[in-house]
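> Model the placement of chain V on the given structure of chain D, informed by the hints.
Number of protein chains: 2
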Amino acid sequence: MYRPEIKVLDCTIRDGGLINNHYFTDEFVRAVYRALSEAGIDYMEMGYRSSRTYAPPEQYGAWKYCDDDKIRQIIDGIESDVKLSVMVDAHRVLEQQFAPVDESPFDMIRIATYVKDVDKAIVLQKRVHDLGYETTINIMAISTENEFDLVEALDQIAATTTGTVYVVDSFGYFFSEQIHYIVELFKRHLPGKRLGIHCHNNQQLAFANTIEAIRKDCNLVDGSLFGIGRGAGNCPLELIMGFLKNPKFNIEPVLKVIQDYMIPMRQDLEWGYLIPYAITGILNQHPRSAIALREGPDRDKYVEFYNQIRDHMD
Amino acid sequence: MYRPEIKVLDCTIRDGGLINNHYFTDEFVRAVYRALSEAGIDYMEMGYRSSRTYAPPEQYGAWKYCDDDKIRQIIDGIESDVKLSVMVDAHRVLEQQFAPVDESPFDMIRIATYVKDVDKAIVLQKRVHDLGYETTINIMAISTENEFDLVEALDQIAATTTGTVYVVDSFGYFFSEQIHYIVELFKRHLPGKRLGIHCHNNQQLAFANTIEAIRKDCNLVDGSLFGIGRGAGNCPLELIMGFLKNPKFNIEPVLKVIQDYMIPMRQDLEWGYLIPYAITGILNQHPRSAIALREGPDRDKYVEFYNQIRDHMD
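Residue numbers (our numbering), protein chains in the order written: chain D, 1 to 314; chain V, 1 to 314.
Incorrect hints may appear among the rest.
Note that identical chains are pooled: a pair holds if it fits in a single copy or bridges any two copies.
[Stated by the list, open to error] Taking lysine-lysine pairs in the BS3-like style, the calculated list, with each CA pair at most 30 Å apart, reads:
| # | residue 1 | residue 2 |
| --- | --- | --- |
| 1 | K7 | K256 |
| 2 | K245 | K83 |
| 3 | K187 | K301 |
| 4 | K256 | K301 |
| 5 | K256 | K83 |
| 6 | K301 | K248 |
| 7 | K126 | K70 |
| 8 | K301 | K245 |
Because the hints were derived from the structure by calculation, they are not lab data.
Chain D extracted, bound-state conformation (with noise of 0.2 Å):
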């Protein structure tokens, strides 16, 4: 698939800090960006910009907040045509601050939200929108919102000076059928809006996912290292890359981290393809249920899992 305005961006420290805190080492964090750089990634996701009030720092890593000075620490002295982004939670600011983009090492400001908080959003998109920043608007849930309050969040970002909208299949529920229906959407309600795709893994279907949406015309898309991400993980980056056909594009440096890097992290940390997950995506759930229970000893008693969110969905 050769279409020019399509754009990859990596999410490996943003959602991969989801399962471990944020804790992700300084060296790790430049690794990434120094292959990203080299196999051409368009964005890097440096982490959160989360309220210190919030989120105390004694329990999360420097990705949580990712102030300027620590990411200008982090790129000092590597080549890169990478622009760099940071996500903040539209329903959890308090008292982040940003500077303008002239003065920051940051080139564009993701905003998550559910429906429900998309004024919220809208608020803080035009904060960061007049420092300078591209903008995106990421829907989270979108496959337990109804129609017509999605419609009338939709039409209201359409309003806005946002340059992108991003499908967020959060639960890992939809197929590609789904897919293209939510695109189509999206596309009637926010004419001239950049569409992005950022999908789960539940039932392994994040890269098929994301080439529906690609086909779709989607042109900003997400992927992670070998599919790190909270859960069952996001679309892998190196999948992206074989189906991209660009020339800009090289594959090997970002095989060369997976191997030195996030093989050996396998050892400790978890994600990807697991029944509980499967279970959630399947059932359109929040992943929070399946992720507590592969944190206890009943991690792989599936049955009882499935049985407990059936009853819970009663």
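Relative to chain D, chain V alone:
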């Protein structure tokens, strides 16, 4: 997706047997048979009917041969509507015998063939059809066949009495649009035949491609427990069951046999998504080089492997 014509075949023992020389215990095979029976699965493939001349019995377990008596022993005492199938490689037929269907535990013979061996497949198909079996012809590795040869093979198969013809993405190379194209090609050249789909998971697309084949009217779909199978494995049966809403299916026995048997088995056997399999899939190559890599000391040297394969293709 509720379409009563869709039948599901479990190939756990057959395709899984390729990673342990077919040495599954009788207890495990019985447990799978019992689970599939309770789950409402339509077919279970017990293994291969191989030539003992080509495949010496000191090297392989019972599921390489699937002698009728052995199978009777396994299913004895378990109530079941599951039909049994066995696979034969068309190019490795020598002294293998088949009893008339009334005297056999099997209902269906699946004939695996490359395009070049289709004449052998047709001869064997006629022989076993005349003994009363349902038959399928499974055309392997079609992602490397030219369309002229493939169409010639399809036209020959169209003239046989086989009920079903399978699309087999042996290399895990296809994505949705290619699946659509190839299934349409099969439909055009095989009027009146049921179509089947068997996918490999090199690019995490086995389940997605199975769905796409179902959307294009494939009505016999292969899966395996937790996706077990050679290399990157197959489409996970549990995901097919989550997708198909036919009320005759019950996912719980499948989850149970996965938790009781497949999770412990993963300690000793490797299958599923790994970078070397992704590489052979992306490059449309047979997975044998990736399988060999995983058995050696360089199992995680992905960049070297990628370059070797690229050089080898030049």
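> Evaluate each hint against the coordinates.
Hints, one by one, checked against the model:
1. K7 to K256: Within. Shortest intra-copy distance 21 Å satisfies the 30 Å Cα cut-off; inter-copy 42 Å does not.
2. K245 to K83: Intra 21 Å, inter 44 Å, cutoff 30 Å: intra-copy only.
3. K187 to K301: Neither: 42 Å inside a chain and 42 Å across chains, both beyond 30 Å.
4. K256 to K301: Only across copies: K256 and K301 sit 8 Å apart there, 36 Å inside one copy, limit 30 Å.
5. K256 to K83: within (21 Å within a copy, 47 Å between copies)
6. K301 to K248: between (46 Å within a copy, 24 Å between copies)
7. K126 to K70: within (25 Å within a copy, 71 Å between copies)
8. K301 to K245: Classified as between; 23 Å across copies, 42 Å inside a copy.
In summary, the one numbered hint that this structure violates is 3.
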